[in-house]
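Q: For reference, the chains in residue letters:
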Amino acid sequence: MVANPARRPLRSPHHPFRQLIHRPALVPPFPAPTSRKFLSRLSIYGDFWPRLLSLAARVTPWFLEPLLLALYSTLFYLACGPARRALLHNLQVLFPTDSLLIRHARALRVIWNFACTLTDAAHIRANHDIIDWEIAGLDHLNTLSQIPTGAVILTAHMGNYDLAAPLFAARLQRKLHLVRAPERHQESQAYARTQRDHMNADWCVIHYNEPGNMLAVKLTSLLKENQIVAIQGDRILFDVAATTLPFSTSHDWHLPSGPFVLGLVSRAPLVPLFITRSGWRRYRVTAHPPYHWPEGRLDKATALRDAERWWSHLLSQTVRQHWHQWFVFEPAFTPTAAPPP
Amino acid sequence: MTPAPAQIPPRKPARTGLGWLIQALAKSPPTPPATDLLFPASERHPTTETLTASCLIAAWSLAASLILCLHSETLPTSLPLRCLIAITAWLALIHSAVILPLLAYPLLRLVHLTPQKLATLTELTFLSILTLIACHLTTDPSLFARSLGLLWLTLIMAEIMLRLARSGIALASHPR
Chain B
316 MVANPARRPL RSPHHPFRQL IHRPALVPPF PAPTSRKFLS RLSIYGDFWP
366 RLLSLAARVT PWFLEPLLLA LYSTLFYLAC GPARRALLHN LQVLFPTDSL
416 LIRHARALRV IWNFACTLTD AAHIRANHDI IDWEIAGLDH LNTLSQIPTG
466 AVILTAHMGN YDLAAPLFAA RLQRKLHLVR APERHQESQA YARTQRDHMN
516 ADWCVIHYNE PGNMLAVKLT SLLKENQIVA IQGDRILFDV AATTLPFSTS
566 HDWHLPSGPF VLGLVSRAPL VPLFITRSGW RRYRVTAHPP YHWPEGRLDK
616 ATALRDAERW WSHLLSQTVR QHWHQWFVFE PAFTPTAAPP P
Chain Z
19 MTPAPAQIPP RKPARTGLGW LIQALAKSPP TPPATDLLFP ASERHPTTET
69 LTASCLIAAW SLAASLILCL HSETLPTSLP LRCLIAITAW LALIHSAVIL
119 PLLAYPLLRL VHLTPQKLAT LTELTFLSIL TLIACHLTTD PSLFARSLGL
169 LWLTLIMAEI MLRLARSGIA LASHPR
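Chains B and Z supply the protein sequences, listed in that same order.
Taking our numbering, the leading residue of the first sequence gets 316, the next gets one more, and so forth.
Taking our numbering, the leading residue of the second sequence gets 19, the next gets one more, and so forth.
I should point out that these hints are in silico values taken from the structure, not numbers from a laboratory.
The C-beta atom is built at its ideal place from N, Cα and C for all residues, glycine as well.
No false leads were mixed into what you were given.
Derived, one-sided and incomplete: chain Z residues facing chain B with beta-carbon distance under 7 Å:
id, residue
1, F57
2, E61
3, L69
4, A137
5, T140
Derived DEER-like restraints, expressed as beta-carbon distance ranges:
id, chain 1, residue 1, chain 2, residue 2, range
6, Z, T138, B, A556, 49 to 55 Å
7, Z, S146, B, V555, 49 to 55 Å
8, B, D621, Z, T138, 56 to 62 Å
9, Z, F162, B, Q407, 42 to 48 Å
10, B, P561, Z, L102, 49 to 55 Å
11, Z, H192, B, S358, 50 to 56 Å
12, B, R635, Z, T138, 41 to 47 Å
Among chain B residues calculated to face chain Z with C-beta under 7 Å, some are:
id, residue
13, V374
14, P381
15, L382
16, W448
17, L453
With the hints as extra help, turn the sequences into a complete structure.
A: Here it is as structure tokens:
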């Protein structure tokens with residue numbers, strides 16, 4: 316006996332009415348996912364804000380820019396609960412004696428600085444030549460240009476490293492491969508990619524640390540070809556391998572271990588470069604002496620640990636000095652584990 | 019981008035007439051930065067002037083907005099509500115200088131208006147609106163409101179005169 320399709324229960328996916336209603340290829344079943352997707356573009360990680368910033372940077376009167384920056388920094392500070400709490404947590408470790416009010420003021424200053432760097436980047440993308448660049452540690456930067464092998468530039472999430480990279484790549488006259496984390500939102504990533512592609516010179520290539528793109532293999536081969544790779548050595552985002560190092564007597568911090576493994580495998584020297592805001596539309600590139608791996612056969616675990624400790628010490632000094640420009644919006648510190656009895 | 023010796027950083031030209039006057043009167047040269055090399059931008063403006071102008075305009079427009087709302091006869095009598103309306107109106111005024119040009123740009127592009135010219139047009143329109151508000155404030159019975167209006171009119175008149183003087187000097191000293 317053949318079952319009458321019209322008599323199938325409506326809940327069955329084979330019911331003819333059900334098939335009429337559910338035609339995902341032609342008509343989306345409910346407007347909810349679309350509206351949710353639209354609303355997600357307005358979220359903090361969405362592409363609405365960078366697009367608005369890019370447009371506004373073109374037309375905003377110059378005397379309103381600091382005012383709008385202050386207003387929106389405060390607004391985002393109030394709206395972004397997780398980032399605010401992470402900032403307060405990090406600042407508590409950096410300044411344990413501060414009162415809560417002072418810590419909030421410091422955290423707001425970090426957001427203000429971040430807003431300034433984003434706005435400056437938007438201006439540069441609009442072809443406004445408005446940034447003064449200072450270089451400190453020119454000798455070390457010249458050393459980098461003389462290194463015949465590949466080199467790993469270690470940097471931190473400070474200042475405008477996106478904008479600084481093409482500058483010193485052109486100065487070094489060597490191709491620079493910049494590694495960065497993708498944006499968390501799909502549309503934001505697509506937008507950021509087009510913006511950065513438009514901005515970057517021939518000397519600078521951006522690689523995104525996306526899952527499954529075998530970036531470590533690609534970077535190792537680039538270093539073997541004597542090219543320069545720039546990596547952020549202070550943030551653990553997504554599934555980046557981390558190492559725990561002491562920051563103070565009471566706290567440890569987590570730093571990515573990838574740059575050191577990469578340097579060790581290729582024996583490329585590690586060159587620390589920090590980009591910091593030194594004033595209104597003024598940035599400073601500070602180069603430090605490079606770290607060279609010991610010659611000959613070496614104990615890999617010890618060599619790796621030594622390099623990580625060297626970087627941790629240098630980064631902690633820089634973070635303590637330029638705390639207001641350390642744009643790490645995730646909890647970076649954990650209390651030091653008690654030694655086993 | 020051409021690097022300049024860090025010891026003698028090129029001076030940033032003032033944007034405003036008042037800033038130009040202060041820069042001409044002030045003797046102290048800019049402090050050389052503790053850097054090895056400087057890459058100066060082609061468009062450079064003094065930080066202090068930018069931040070001072072921003073603070074001045076923000077404070078003046080907020081005060082004017084509060085006065086207008088507190089003295090208005092049409093608004094509700096509740097003081098907190100009037101303050102709230104004043105702050106909202108102030109925020110709307112500030113944002114109108116960004117949003118309206120963005121919305122109008124597709125139309126203005128038809129008359130070959132570049133973003134730079136649009137920014138200048140926006141700046142002049144915004145300052146004209148503030149000047150109209152200042153004119154209205156000078157007729158207010160409150161002494162504070164009149165003082166606020168007169169302060170703005172004095173500043174804007176001085177600014178216009180100084181800009182004209184600056185242009186005149188630049189024109190006169192330009193080699194033919």
